[in-house]
Structures are given as structure tokens and as C-alpha cells.
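Peer 1: As a plain string of letters, each chain reads:
There are 2 protein chains.
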Amino acid sequence: MFLSKLFLPLTKDLPADAKIKSHQLMLRTGMIKQSAAGIYSWLPLGFKVMKKIEQIVREEQNKIGAQEMLMPTIQSADIWKESGRYNDYGEEMLRIKDRQGREMLYGPTNEELITEIFRSSIKSYKSLPQMLYHIQWKFRDEIRPRFGIMRCREFYMKDAYSFDLDEDQAKQSYNKMFYSYLHTFKRLELEAIPMAADTGPIGGDLSHEFIILAETGESNVYADKNIFKIKLEDYKFDNNSLEKMRNDFSSYYAVTDEKFKKEEFEKKIKKENQILTKGIEVGHIFYFGDKYSKPLNCLVDHPDGKKVAVKMGSYGIGVSRLVGAIIEAKFTNEIMKWPKSVSPFEVVLIPSINKNNTENLEKALKIYRQLKSENIDVLLDDVDENISAKFKKHDLLGIPYQIIIGSKSEGDNLEFKEIGHNAIMQTLNKIINTIKN
Amino acid sequence: MFLSKLFLPLTKDLPADAKIKSHQLMLRTGMIKQSAAGIYSWLPLGFKVMKKIEQIVREEQNKIGAQEMLMPTIQSADIWKESGRYNDYGEEMLRIKDRQGREMLYGPTNEELITEIFRSSIKSYKSLPQMLYHIQWKFRDEIRPRFGIMRCREFYMKDAYSFDLDEDQAKQSYNKMFYSYLHTFKRLELEAIPMAADTGPIGGDLSHEFIILAETGESNVYADKNIFKIKLEDYKFDNNSLEKMRNDFSSYYAVTDEKFKKEEFEKKIKKENQILTKGIEVGHIFYFGDKYSKPLNCLVDHPDGKKVAVKMGSYGIGVSRLVGAIIEAKFTNEIMKWPKSVSPFEVVLIPSINKNNTENLEKALKIYRQLKSENIDVLLDDVDENISAKFKKHDLLGIPYQIIIGSKSEGDNLEFKEIGHNAIMQTLNKIINTIKN
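The listed protein sequences derive, respectively, from chains U and F.
Take the first sequence: its letter number 246 is residue 256 in our numbering, and every next letter is one higher.
Take the second sequence: its letter number 39 is residue 49 in our numbering, and every next letter is one higher.
It cannot be assumed that every hint is accurate.
Repeated chains share a single entry, so a pair holds when one copy, or any two copies, can fit it.
[To be verified] Derived pair list, reagent style DSBU-like, types lysine-lysine, alpha-carbon separation capped at 30 Å:
1) Lys350 to Lys382
2) Lys365 to Lys61
3) Lys61 to Lys440
4) Lys107 to Lys148
5) Lys136 to Lys373
6) Lys15 to Lys62
7) Lys73 to Lys61
8) Lys22 to Lys427
9) Lys196 to Lys62
10) Lys15 to Lys196
11) Lys254 to Lys241
12) Lys446 to Lys281
13) Lys288 to Lys347
14) Lys91 to Lys107
15) Lys316 to Lys365
16) Lys277 to Lys107
17) Lys402 to Lys136
18) Lys31 to Lys304
19) Lys133 to Lys91
20) Lys254 to Lys15
21) Lys15 to Lys317
Hint data in this document are derived by calculation from the structure and do not stem from the laboratory.
No experiment lies behind these values; they were computed from the predicted model shown.
The shape of chain U in the complex, shown without the other chains (with noise of 0.2 Å):
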């Protein structure tokens, strides 16, 4: 892709009320545009960032055997007056009346309406276990949205549901989830920690936050920092390994305000382990039993003769959110660098160019066909801008490597960049090798 061409409004005007550093860098560097309050339209470059999340979200999803379908945005409100929320939920559930005068809403959340769904569909524990998930646009109508699409109205999330025999088998899931959920997060450069919460309006009796560390972030958080020893690969995929995995999370202490009381936490960490940093929300999961399937009345077939209520779990990951979360955690001192994983392009090429002299926007042009055959997705900067600017934009736009074709690259020897590194003077064949890794 070649710079002037991508649709990319920079912008150094920002509104007033973008106070959060994640909502100020996806403003001035044109990933998202406001359409109306809380509601957010995702300009390319952003929406790329979103894309390769969700797909590192499906992935992990899958691998643990969950399996993706689809929800609708609009729901009935006939399931939620099943499951008596319909009037607890209040004004954050978009109520709507369609033409008919149907009562509809716009779905913050999918229990009632998986529950539905696995009600009519499943009716024997030899379909036992399943796990379901979707990556849909829900809606809350906060009262007061703020911090861009971190506290929105209209936004991106995964919601995964598991169908269990009993309860034992249901934890099962439940560690599954945690598993996959710490796997994400990994590959997205992030240090997650799971702390244990409470469950608020989903319900239930077992439920973990995962929270990454930010400054900026929206909570405090206590923690030992011996959490960090804990390796995921010492883990393996199966069900005593996994009870340890998160046994072994438990085990440590780490907590936000909601959990947090001073003495323990000083009488139980000494000083030297203790982290006290703040932090931002990015996975919840929940197991809450006959919750939904009772009231709903989604029995199956026991092997032993009788109908029982399923036991469920939920699972979510804000995916728009996490494109927030992880500049919070990753942009610091005007340098903004992606994780490899998700970044909008693997690569930017930033030739210098001088009025009436195409030398430097000629070799890079060349060395962007050769990047191109090799299939790696490169951004050239074929901007008529000045150097320094160029790398002022570059910092914000935090493509991890650079190659600069100015007076210092000669010949094969071109100088290359990962931010928050010292150029080195590399041949393209070595630059070729460490972008693919």
C-alpha cells in the first residue's frame, strides 16, 4: 500500500474530551472517527488492527474446540422476560419497538438467546459437552460514553457459552476458556493476569477478570509479582493440567479495588514482590450453573433417565477494546509500537524525498516489489514530506520495522529499524528474514 493513497486522515485537532492517551493516538492517527456519541466508525488503519485481533481471538477459540457461529444484533425481548432481565437490566439495554410494535432490543450480551438456541437444538448429554461462540456488535447505552471505543456504545466483542452434564465437567470448560483466554493475550504482547471477581448482573459463582497492566489503566491492581513466574508452556491441554494452571494462578495474590484490603495485602507479599500499577479489563469469564437453562427450561436427557438443566458458563473478550488496551499498555513517550501480531502493516518504508531527485522514492519503490513478491504487507511512505516529519508520524503509527532509504543506506546495505531499537545497516535478504521471523 502506498501512503497517499491509503485513506488515513491524520489529525492534530483533537475534542476536547479525548482525555485517554489511546483515544488521543486513534484520533490523530485516523484508525477510528466518531459517528455519533459512544458510536465509532473504524477507518482502515484501525480496522485492519481490529481484524487481526479478532482473527488471534478465533484462532484460540478454536483450537480449544470451541465452535463459531452467529448471532443477530436485534433480539426479542420475549427470551429476556423468560429469563427475568428484561426489567432489571435498566437503560443501558437499546430498547426498540419495530413496526409491528414488537418489544425488541439491541443485544448487550447472548445468554438468553444461546440458551434458546442450544434449547431447540440439543437434547441428549451424548451431545455433551459443546462449546459456542460468536464475534458480534453489541450495544450498551451508556449514560456517559467516554475514552473512544474504550467505554462505547456500539462494540466488538467475542461471546463464547459451554453446555455441560454437571458441574465438574462444566469447570472443565471453564479452565479451557482460561487456558485459550491467557493464550490470546500472549500473542498479543500482553501480560494478562486473571483475578478472581465477582460476577455482577451475568451471576454465577465462579468468575475471573483478566486484567492488563497500564498505567492509564481504569482500575488499580494489587498483585504479587511472582504471578509472572507462571510459564503457560509448563501447561498442557488436559484436564488435570489445567486444573493445576489455574490452581496455580489462584495461588497468587492478585486483586483490584473490589477485592482489595490493605493488611492482607501487606502482612501476605513482602514489600520487594508487591505490585501496585493499574489496569484494564480485557477478558471475563463466568460459570453460573442452571442460571439461564432453568428459567429457559434447556433440559437435556441425563444418562440416568431424568431431564436436568444444563450447566453453563460465558466467556468474553472485548475485541475493540483491545485495540485501546494495547496502546494504553504499548504507547509511551509519543513512540507507539504494535505487537507484530497485530500491527496494521509488518512493515514501512520511508525513503527521503528531495524535490527534483526521485533517486530515493525510485529504490524504494524497487525494494517494495520485492517485499511485495516475498507476501510481506508493506506500507510506503511515498509522502512529499520531510524526513523528520516523517519520522515524527512514523512514531505514532508504530509499524514495528522501518526501513529509512536516505543518504545511509547504500547499495544492498539498507538502514533498518525495530522501534525502540538503534538502526542497523542490513541486507534486504537479512530484513526479509526477520520480519517473517
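Chain U is fixed; fit chain F onto it per the hints.
Peer 2: Just chain F now, with coordinates in the frame of chain U:
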């Protein structure tokens, strides 16, 4: 994937309103489930097909230089008041009041919103031409939703928008989309005919519908069969060749009832060349000049100094609708065959399973692992069911290739069948080559 694990609620009980074959087949094979009137959930099998169609649409849009982004589903009524369509649109628009009492709506189309994004982003002719597209859920509150996902309320659509400085350039963008659409439908193995059309509520002065032929279609089609002699590969992706392509298509008679005149048809087209059949609209493209850019004040600087309203077009493909359209075109005599490009699986393994004899299942498992190691997306029918029931089921599921592990398969030679052809005996290596093409 093992069929016994796949969330695939097959059903024989069809609701009375399932009158057309795509609606029936999608319910019978557990591709969709109705969640409210005209609103469907996509179960794993249907979801996979839709995602593959989406990906082909995306690739063909990217090939012509359109850039993907994403607009939200919920829009503010304000921009629709600016364009003057808010009152005109009528009851098909799902109108919503949020908790603050603001007038919102669920987007039925996006001309206003994209124009608003464009006007605040692009100021100069130097940034033109631009083509932007997104693939997003839309809602039209049909008074009588019917025919399953063919005429539903919440539907998935690709809509693209072009922005040009003048009418000549805008028509070049129009021709590029024309080309992209024909290539898209070709990859879906559909015979699509572009037909000059009225512009309807979108407006404008140039418009084509893309109609695929299907005996059960909603519109009557009258055409000169010589139109099928046009070969896509005869045209290059340059402005002259694309102009010629559109002219060549336009030179053959091809209309729906809207523009049909019996005498003209009889007079112009020789009897033996007359096609009288039915068709389904799967795409619609429009050039409408400054119909939206003018009222919304979407201006750019012209090279000669003045400001001019950009010239726009819009281009839709019904992604969810295509799933049904393909079934209408391909499902005959109780046998479905998915185009290979969008089939939910590439091949199905059908072992004949007898109680007390797991030999065929074990053999199938071994082949399953070999196919997986070749990255072939294979479904193993491990369900304990008699072989003739299996065959009937797979006639409906429509996976184009079958490997049958029964009495005929011996040693290295396997019974291999492509739907619509006779079974042949073939080695696994040859089968793998055939599947991979």
C-alpha cells in the same frame, strides 16, 4: 471436524412459512435458526459458508483498490435529515430513541454516513479517486419478512462507495466495480447477468443489477443467450478495456419485468436465442453524482481553484443473501452441491459403520489424520447410522467430494465421489491432488 461433535441440528420438521428451497434446506441442514421474525442466527455450518463468501467478496474488492473499513450499525438521524432521506425512507427504517431521547436508527444503507466521514477527512482533488467499502449488518424492517435469509430484516451486506472529481472518473470507478462484481460471482460459480436498472430510493442516473439465474428466482428474466459468450478473461483492468466490457454487456438484451417490453424482445432476439427464466438479485451498483455530496456539503478543492462536490457511486452485494441464492441455483432433485470455493468442508469421509465392527471407522480415522496433515478441511461422519441414511444426509449437506469407506474401498484404493458424478476408485494421493486442484 467429527460430525458427532459438530453443532448441527438437522431437522425434518419445517415451519409452514418455509416455502422456497433455500429456506427449507438451510433449516433442514441446521445452517440457520430463526431468532425472531426475519432475524436469524447462523449456526456453524451456515456461518462457515457465509464467511467464505464474505472472504471472496473482500478479496475481489481489495483487488480493484477498494479499502476496507467499518461503519457502525447504529447511526444518528441527523445526517439523514441533512440528506433529506429521514422522512422519505418510511417504515422500513428501524428508528430508535436512545436513553437521552436522541433519534437514532439502525442503518439500512450508508450513503449519508460515508459522505459525512469523507467530507471531514478529504479536502483535495489530490486524494482522489477513493473507494471505500465495509461488510456490515444492516436492518430493513420489512413488513412481511419471508423466504428465510433471502428477504429477512437483519442482513449482511458489502457496500462500497466511490469518490471522484468528475463524472468521467466516477464512471471509471463504476466500471471497476462492474468488473469486480463479475469476478466475484464467477468465483462463486454463479452465472450473473448485469442488467440496466432503475435507481429506486438510492437515486442517480446509472445503475445495474446483477441477477443470477435460478428457476425459483423472484424476478422474471428475459435475455439474449449470446450474453454468455462474453468472456471475462478477454478484458484487462484498464479504463478502456473496462469501458468496453460494460458496453459489450449492455449491447445484449437482458432485463427483468421492470424494463421488459414483449414486442421489443420478440423483435430484437431470435427465437432460439431467447432466454425466459427467473433470477435473483445479488448485487446492485449505482452512480448518483452529487446527490449526497451536495446536500451534505462534501466538497474538495478542484485543480482550477474552486470547490466542487465529489461525484459518488455506491455498490452493494448481499453477502448473507448469496448463501440462499447459491442454494436456489445449485440445489435440485434433493441434491445440493456447494461450489468448492464456499463449501463448508472440502471433503467428507463416510465410513460404513456396523455395530461390533469398527474397522471402517478406524480406517477413516487414519485417512482423516492424513487429510488434516495436508491442511484439508475434512468432515468425518462418525455417526452410528446406516449408510443409506448417511448418503441422503450428505446429499443435503452438499460437500462436493466424498470418500466412502465401505466394502468397495480396498487397500490403497478408495471409493471417491464428486457429487453429480459417478464414484471412482482412487488412491488417497490422487484424491488429495484432486481436492487441492
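Peer 1: It remains to establish, for every hint, whether it holds in the given structure.
Peer 2: Hints and how they fare:
1. Lys350 to Lys382: both (17 Å within a copy, 28 Å between copies)
2. Lys365 to Lys61: Close neither inside one copy (38 Å) nor across copies (47 Å); limit 30 Å.
3. Lys61 to Lys440: Within one copy only: 29 Å inside a chain, 37 Å across chains, cut-off 30 Å.
4. Lys107 to Lys148: both (18 Å within a copy, 16 Å between copies)
5. Lys136 to Lys373: This pair counts as between: shortest inter-copy Cα distance 24 Å, intra-copy 63 Å.
6. Lys15 to Lys62: Answer is both: 21 Å inside a copy and 28 Å across each meet the 30 Å cutoff.
7. Lys73 to Lys61: Answer is both: 18 Å inside a copy and 18 Å across each meet the 30 Å cutoff.
8. Lys22 to Lys427: Within one copy, since 26 Å is at most 30 Å while 62 Å is not.
9. Lys196 to Lys62: Result: close both inside a copy and across copies, 14 Å intra and 28 Å inter.
10. Lys15 to Lys196: Classified as between: cross-chain Cα gap 28 Å, same-chain 33 Å, threshold 30 Å.
11. Lys254 to Lys241: within (12 Å within a copy, 62 Å between copies)
12. Lys446 to Lys281: neither (42 Å within a copy, 61 Å between copies)
13. Lys288 to Lys347: Answer is within; shortest intra-copy Cα gap is 20 Å, inter-copy 55 Å.
14. Lys91 to Lys107: Classified as both: same-chain Cα gap 15 Å, cross-chain 21 Å, threshold 30 Å.
15. Lys316 to Lys365: Between copies, since 27 Å is at most 30 Å while 82 Å is not.
16. Lys277 to Lys107: neither (55 Å within a copy, 52 Å between copies)
17. Lys402 to Lys136: between (60 Å within a copy, 23 Å between copies)
18. Lys31 to Lys304: So Lys31 and Lys304 fail the 30 Å test inside a copy (44 Å) and across (36 Å) alike.
19. Lys133 to Lys91: within (23 Å within a copy, 50 Å between copies)
20. Lys254 to Lys15: Between copies only: 26 Å across chains, 52 Å inside a chain, cut-off 30 Å.
21. Lys15 to Lys317: between (61 Å within a copy, 21 Å between copies)
Checked against the numbered hints listed earlier, the structure breaks hints 2, 12, 16 and 18; every other hint is satisfied.
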